[in-house]
Structures are given as structure tokens and as C-alpha cells.
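These are the residues of each chain, in order.
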Amino acid sequence: ETGVTQTPRHLVMGMTNKKSLKCEQHLGHNAMYWYKQSAKKPLELMFVYNFKEQTENNSVPSRFSPECPNSSHLFLHLHTLQPEDSALYLCASSQGDGSPNTEAFFGQGTRLTVV
Amino acid sequence: AQTVTQSQPEMSVQEAETVTLSCTYDTSESDYYLFWYKQPPSRQMILVIRQEAYKQQNATENRFSVNFQKAAKSFSLKISDSQLGDAAMYFCAYTNNAGNMLTFGGGTRLMVKP
Numbered sequence: 001e002t003g004v005t006q007t008p009r010h011l012v013m014g015m016t017n018k019k020s021l022k023c024e025q026h027l028g029h030n031a032m033y034w035y036k037q038s039a040k041k042p043l044e045l046m047f048v049y050n051f052k053e054q055t056e057n058n059s060v061p062s063r064f065s066p067e068c069p070n071s072s073h074l075f076l077h078l079h080t081l082q083p084e085d086s087a088l089y090l091c092a093s094s095q096g097d098g099s100p101n102t103e104a105f106f107g108q109g110t111r112l113t114v115v
Numbered sequence: 001a002q003t004v005t006q007s008q009p010e011m012s013v014q015e016a017e018t019v020t021l022s023c024t025y026d027t028s029e030s031d032y033y034l035f036w037y038k039q040p041p042s043r044q045m046i047l048v049i050r051q052e053a054y055k056q057q058n059a060t061e062n063r064f065s066v067n068f069q070k071a072a073k074s075f076s077l078k079i080s081d082s083q084l085g086d087a088a089m090y091f092c093a094y095t096n097n098a099g100n101m102l103t104f105g106g107g108t109r110l111m112v113k114p
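Which chain is which? The protein sequence lines are C and V, in order. Position 42 of the first sequence, counting from 1, maps to 42 under our numbering, and the rest follow consecutively. Position 114 of the second sequence, counting from 1, maps to 114 under our numbering, and the rest follow consecutively.
Everything labelled a hint here was simulated from the structure, so no lab data went into it. Possibly wrong hints are sitting among the right ones.
To be verified - Now the stretches of chain C that chain V is said to cover, found in silico as 3 or more residues with beta-carbon under 8 Å: (1) 43–57; (2) 81–94.
Said to hold, decoys possible - Taking lysine-lysine and the DSS-like style, the derived pairs with C-alpha atoms no more than 25 Å apart in a straight line are: (3) C:52 / C:19; (4) V:70 / V:55; (5) V:73 / C:41; (6) V:55 / C:40; (7) C:52 / C:40; (8) C:19 / C:36.
By construction, the Cβ of each residue, glycine as well, lies at the ideal position given by its N, Cα and C atoms.
Input sequences plus hints: build the corresponding full structure.
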């Protein structure tokens, strides 16, 4: 257990559905990340939040909408996804404030299948 | 933008032997951090070892050690006395000095043969 919790662990959704992924950490970290891990591709950074502000959007399609209401929670809202969006979505957090302790802690991921 | 490259998609090693996983990166920063993460089949990513760029001494954690060549922007991971439990995906990662921009390489799948 790393201290980063993701729910749900598995999600199957239709292309017209709207769903949300949730990530929660109580490590006192200020930076939170969403990554997409596909079978045949490297780990792709999607979004970065620092102190609740989005600091990075790695050219992610608008059908993915992140939300960071506070430093402990991060959401990824999904709507009108495509089958190629099926992947493992990983959330991570790190100190993010210039502290030397910059290790990132990861959740177990949400396995998303779009049908 | 920073990039991290792992040129070996797959590696295999005999149990108890030593294996080295390669990683190169590109950055214009002088201060940064490098990491090796392990992702076993359970898929939870865990930190294996960390290196601060300002430290010349190579990091070591038990059977895991790195060869950090700052000028060459190279950061390889050596696993000694390989064990079956070392079988996993290994990711090299980079972050800036603020620790808020973690970038990963494509990963190397390590197989350990009994």
C-alpha cells in the first residue's frame, strides 16, 4: 500500500457514457498526476496538478477532463470515449514543492475498457 | 521538454546472475532527479532506487545499483543476484528540481529464468 488510492479498480463503459475516476492521497503531497498506460505504448503523462493548479496538459483530448478540488483528491472525468482510450490509468503524487524528497507514489490504477 | 529513453524493450537474466538495464535522458537542467521504478504484474508502481544529479556517487540499494553518467546523460540500473521476484516492468524516470514533472521512459520488461 503506497498511500495513493484509486477507484474504481476496473471500469467498463460505453462510448456514450460519462464516468469519473478518483484518486486520493493523504501523504501531504502537493503534486498529483494522471498517466495513461497502454499495452503497446510508453507511460504517457496526461495531466499535472501542483497546489491544485493544473500545470501540465500533455495535449490530451477534451473528452478527458481533470479536476483537482484540493491537494488530496484528483478526478478524471470521462465522456464520449473511444475504444482506443482503453488502458490502465495511473494516478501518482509527489512532494512537488522543491523538496529533495521527490519520490512519486502510485496508485494501483484503474483498468478502463471502452466498448 | 525532457525525454527519457529505454532502448531495451525486453531483457532476460538467469536467476542469481547480474543484469543491466539501460536508460538515457535529455534535459537542459543541471539539477534534477532520476529514478528507477518497478511495476510487477500486480501493476502497483514502486520505487527501486533514486539518484540526485548533483551527487557524483552512484546510488545503491541492496542488490540494486546505478551507473550515473551525467555528461553522457546515462542512468543504467544493475541488478545483482537476480531473483524470481525481480521479474517486472522497469521504468526509468526523470523529474526536475521542483519535483513536479515526472517523465518516464518506455519501460523494459525483465524476465528472470530459474
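What are the numbers of the hints the structure violates, in ascending order?
Those not satisfied are hints 6, 7.
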